[in-house]
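Model the full assembly from the supplied sequences, consistent with the hints where possible.
Residue numbers (the working numbering), protein chains in the order written: chain A, 1 to 396; chain S, 397 to 644.
Worth flagging that the hints you see were computed from the coordinates, not collected in a lab. One should not assume that every hint holds.
Taking lysine-lysine and the DSS-like style, the derived pairs with C-alpha atoms no more than 27 Å apart in a straight line are [as the list claims (entries may be wrong)]:
| hint | chain 1 | residue 1 | chain 2 | residue 2 |
| --- | --- | --- | --- | --- |
| 1 | S | K464 | S | K429 |
| 2 | S | K521 | S | K429 |
| 3 | S | K579 | S | K593 |
| 4 | S | K470 | S | K453 |
| 5 | S | K455 | S | K621 |
| 6 | A | K148 | S | K470 |
| 7 | A | K235 | S | K455 |
| 8 | S | K621 | S | K470 |
| 9 | S | K636 | S | K613 |
| 10 | A | K13 | A | K237 |
| 11 | S | K613 | S | K418 |
| 12 | A | K237 | S | K470 |
| 13 | S | K608 | S | K593 |
| 14 | S | K464 | S | K621 |
| 15 | S | K453 | S | K613 |
| 16 | S | K517 | A | K237 |
| 17 | S | K621 | S | K429 |
| 18 | A | K148 | A | K237 |
| 19 | S | K429 | S | K630 |
| 20 | S | K636 | A | K13 |
| 21 | S | K453 | S | K418 |
| 22 | S | K608 | S | K636 |
| 23 | S | K630 | S | K593 |
| 24 | S | K630 | S | K609 |
| 25 | A | K148 | S | K455 |
| 26 | S | K579 | S | K613 |
| 27 | S | K517 | A | K235 |
| 28 | S | K609 | S | K636 |
| 29 | S | K453 | A | K148 |
| 30 | S | K453 | A | K237 |
| 31 | S | K470 | S | K429 |
| 32 | S | K453 | A | K235 |
| 33 | A | K237 | S | K455 |
Just so it is clear, the structure is predicted and the values come from calculations on it, not from any experiment.
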Amino acid sequence: MMNFFIERFLGGKQGAVAIGILALLILVIFPLALDLFRLNLVGKYLTFAFAAVGLVLLWGYGGILSLGQGVFFGLGGYAMAMFLKLEASDPESTAIQTTPGIPDFMDWNQLYELPWFWVPFESFTFTLLAILVLPALFAYIIGVAMFKRRVGGVYFAIITQVIAVILTVLIVGQQGFTGGINGITDLRTLNGWDIRTDSAKYILYFINALLLLAVIMISRFVLTSKFGRLLLAMKDKEDRVRFSGYDVSNFKIFIFCLSAVISAIGGAMFTLQVGFMSPSLLGVVPSIEMVIFAAVGGRMSLIGVVYGTLLINFGKTGFSETFPELWLFFMGGLFIAVVMFFPNGLAGIYNKYVSKLAFLQRYLPAIKLPKSKADTQSNASSSASTSDNAAEGAKS
Amino acid sequence: MSTNTDFLLAIEDLTVSFDGFKAVDSLTMYIDKNELRVIIGPNGAGKTTLLDLICGKTKASGGSIQFKNQEITKLVEHQITRVGIGRKFQTPSIYENLTVYQNLEVSYSEGRSVLGSLFFKSTPKLEALIEEVASDIQLTELLDTEAGVLSHGQKQWLEIGMLLMQEPELLMLDEPVAGMSAKERDETAELLNRLCKNRSVIVIEHDMEFVKKIARKVTVLHQGKILAEGAMEKVQADEKVIEVYLGH
Numbered sequence: 001m002m003n004f005f006i007e008r009f010l011g012g013k014q015g016a017v018a019i020g021i022l023a024l025l026i027l028v029i030f031p032l033a034l035d036l037f038r039l040n041l042v043g044k045y046l047t048f049a050f051a052a053v054g055l056v057l058l059w060g061y062g063g064i065l066s067l068g069q070g071v072f073f074g075l076g077g078y079a080m081a082m083f084l085k086l087e088a089s090d091p092e093s094t095a096i097q098t099t100p101g102i103p104d105f106m107d108w109n110q111l112y113e114l115p116w117f118w119v120p121f122e123s124f125t126f127t128l129l130a131i132l133v134l135p136a137l138f139a140y141i142i143g144v145a146m147f148k149r150r151v152g153g154v155y156f157a158i159i160t161q162v163i164a165v166i167l168t169v170l171i172v173g174q175q176g177f178t179g180g181i182n183g184i185t186d187l188r189t190l191n192g193w194d195i196r197t198d199s200a201k202y203i204l205y206f207i208n209a210l211l212l213l214a215v216i217m218i219s220r221f222v223l224t225s226k227f228g229r230l231l232l233a234m235k236d237k238e239d240r241v242r243f244s245g246y247d248v249s250n251f252k253i254f255i256f257c258l259s260a261v262i263s264a265i266g267g268a269m270f271t272l273q274v275g276f277m278s279p280s281l282l283g284v285v286p287s288i289e290m291v292i293f294a295a296v297g298g299r300m301s302l303i304g305v306v307y308g309t310l311l312i313n314f315g316k317t318g319f320s321e322t323f324p325e326l327w328l329f330f331m332g333g334l335f336i337a338v339v340m341f342f343p344n345g346l347a348g349i350y351n352k353y354v355s356k357l358a359f360l361q362r363y364l365p366a367i368k369l370p371k372s373k374a375d376t377q378s379n380a381s382s383s384a385s386t387s388d389n390a391a392e393g394a395k396s
Numbered sequence: 397m398s399t400n401t402d403f404l405l406a407i408e409d410l411t412v413s414f415d416g417f418k419a420v421d422s423l424t425m426y427i428d429k430n431e432l433r434v435i436i437g438p439n440g441a442g443k444t445t446l447l448d449l450i451c452g453k454t455k456a457s458g459g460s461i462q463f464k465n466q467e468i469t470k471l472v473e474h475q476i477t478r479v480g481i482g483r484k485f486q487t488p489s490i491y492e493n494l495t496v497y498q499n500l501e502v503s504y505s506e507g508r509s510v511l512g513s514l515f516f517k518s519t520p521k522l523e524a525l526i527e528e529v530a531s532d533i534q535l536t537e538l539l540d541t542e543a544g545v546l547s548h549g550q551k552q553w554l555e556i557g558m559l560l561m562q563e564p565e566l567l568m569l570d571e572p573v574a575g576m577s578a579k580e581r582d583e584t585a586e587l588l589n590r591l592c593k594n595r596s597v598i599v600i601e602h603d604m605e606f607v608k609k610i611a612r613k614v615t616v617l618h619q620g621k622i623l624a625e626g627a628m629e630k631v632q633a634d635e636k637v638i639e640v641y642l643g644h
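Okay, here's the thing in structure tokens:
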């Protein structure tokens with residue numbers, strides 16, 4: 001049983017060490033080393049890591065590039081924000097409005113009652129379910145429409161990007177129903193628990209970190225199953241999989257839905273930790289940023305993308321404070337460089353150089369033996385670089 | 397139209413046209429149980445298109461294909477595979493990123509749904525089948541090797557092995573010895589002769605030496621129609637066949 005857990009949820013001994021180190025970093029080292037302001041920032045970054053983990057499943061293994069993961073991040077975030085906003089808009093604190101008891105932006109936009117689709121979000125249970133079910137349902141509809149018709153590759157990427165644009169325009173345009181460009185702000189309590197206090201921020205950070213680790217483990221379970229091997233097979237030879245008796249579209253729809261749900265959990269945690277949700281988090285730019293996080297971290301590595309997300313976001317915060325206008329160019333350049341020179345991102349660099357160094361050091365007295373082994377490894381990787389990716393990704 | 401027959405595969409009046417060009421033209425052909433049939437013909441005769449039609453890659457414009465008396469022209473690819481038809485492509489189509497073992501495992505006929513594959517567990521029966529197939533295709537030693545590094549001939553065999561994992565009743569092979577060495581060709585011929593003991597096999601092949609080694613009954617296609625059908629010697633002696641094909 002224990003063995004099964006280590007193999008399937010942690011990814012073997014190597015995977016267990018990697019996830020252990022990540023857990024140590026985000027659960028112990030960050031909370032001890034950073035002040036609350038910085039820790040809250042890290043918590044915000046880690047919510048983007050959910051989307052990046054989803055992209056490992058969808059893009060890294062499934063070979064399906066979605067440029068609209070921000071949509072699902074936003075759906076999760078908005079669902080949570082709607083619940084919090086309704087709680088913050090009780091008749092007493094909104095007494096000065098024309099219609100007390102509805103969110104302030106509705107009042108400013110001459111709405112006199114709560115729109116029907118807002119009503120269920122008064123229930124916390126419904127909201128939690130909606131965070132998981134809404135993005136899955138939306139992804140399912142898109143997935144059926146695309147994959148059953150065998151739309152894929154660049155077309156799928158463009159269509160998901162367009163969906164991100166449409167949703168942004170819709171939210172911005174329907175200010176009375178959605179809060180418009182400003183989003184949903186001024187969120188205060190969750191079932192009476194004030195989320196703005198220091199202790200709440202600590203607790204939310206830890207919930208977020210634990211959820212991220214749980215999502216990584218569930219994703220690992222998916223990737224170590226026959227389903228995971230089928231994803232790689234489909235990425236390589238889709239027709240062969242089809243003529244082996246599989247309904248390929250169902251597999252694509254499932255992985256798209258799963259990546260959507262994972263992304264949405266990140267969005268909901270974003271709302272809770274940062275205290276607002278706005279269209280600026282679900283449009284084209286954030287969606288592409290999520291792809292960059294995954295590319296830089298290593299799109300075949302569930303754990304690598306977490307480091308990728310942290311690194312880029314630290315860089316963004318630090319760099320954009322000093323050179324705000326250069327940051328976007330820098331990030332674009334970094335993305336191109338990674339894709340061209342390090343297609344497996346940080347995880348690929350680690351597997352290629354760092355892990356090999358450690359390996360050599362361990363056997364330093366008997367250098368001859370590992371050297372020949374390292375040679376055969378590099379031969380294998382040069383002759384089949386794509387297959388190397390897969391093996392490395394599965395380990396890291 | 398035949399109703400209930402003993403044929404494994406009954407193709408009747410099958411036609412497909414691409415913008416008016418009939419790649420397969422009112423073709424009628426029957427395959428028996430445990431038969432090994434070789435289809436030959438010049439380039440553009442419609443050989444590969446015929447396999448595409450049977451396995452569902454191309455939809456027929458008219459006619460019927462019955463497999464074990466079940467009409468399959470309306471089924472989609474994975475359903476046709478599931479009724480028991482396996483198809484090997486002209487260029488080796490294997491998963492380069494996976495090991496030989498994983499290639500075979502993924503091709504197994506259980507755990508084909510999303511949930512089934514998520515919770516799929518290897519069984520002793522599967523292990524035994526993989527062992528058996530691997531020894532058939534001479535890749536036992538290479539089970540843990542990534543398929544991408546195999547030689548061309550080994551890749552061809554691996555794809556045949558992947559089809560065997562599906563345990564099909566009809567196996568269709570499109571130029572299985574293309575790019576193989578003479579020794580590999582001989583071994584492939586032996587393999588095919590063994591395979592057709594408990595299943596039917598359709599082979600498309602250009603290499604006449606190879607065809608002679610395996611053929612019992614040959615069908616010659618020309619311009620989407622059957623030009624001749626029968627034993628190898630009879631077909632080789634046929635004047636029309638010599639004119640369009642063998643004579644070159």
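With a cut-off of 27 Å on the C-alpha distance, tell me whether A:K13 and A:K237 pass.
It is violated: about 30 Å lies between the C-alpha atoms, which goes past 27 Å.
Does S:K593 lie within 27 Å of S:K579 when you go C-alpha to C-alpha?
22 Å, holds
Given pair status - S:K455, A:K148, alpha carbons within 27 Å:
17 Å, holds
Assess, step by step, whether the Cα of A:K235 is no farther than 27 Å from the Cα of S:K455, and give holds or violated.
Holds, because 25 Å separates the two Cα atoms, which is no more than 27 Å.
Does the alpha-carbon distance linking S:K621 and S:K429 stay inside the 27 Å limit?
Distance ~23 Å between S:K621 and S:K429 Cα, so the pair holds.
Going straight from one Cα to the other, do S:K455 and S:K621 come out at no more than 27 Å?
It holds: about 18 Å lies between the C-alpha atoms, which stays within 27 Å.
Holds or violated: S:K521 and S:K429, Cα atoms, limit 27 Å.
25 Å, holds
Can the restraint linking S:K608 and S:K593 be considered satisfied, given a maximum Cα separation of 27 Å?
18 Å, holds
Decide if the proposed pair is consistent with the structure: S:K609 and S:K636, CA atoms, cutoff 27 Å inclusive.
23 Å, holds
27 Å limit on alpha-carbon distance, applied to hinted pair S:K470 and S:K429:
Cα-Cα ~23 Å, so holds.
Starting from S:K621, check that the Cα of S:K470 is at most 27 Å away, please.
23 Å, holds
With the threshold set at 27 Å, check whether the alpha-carbon distance from S:K453 to A:K148 stays at or below it.
15 Å, holds
The structure does not agree with the numbered hints 10, 20 stated previously, though it agrees with the rest.
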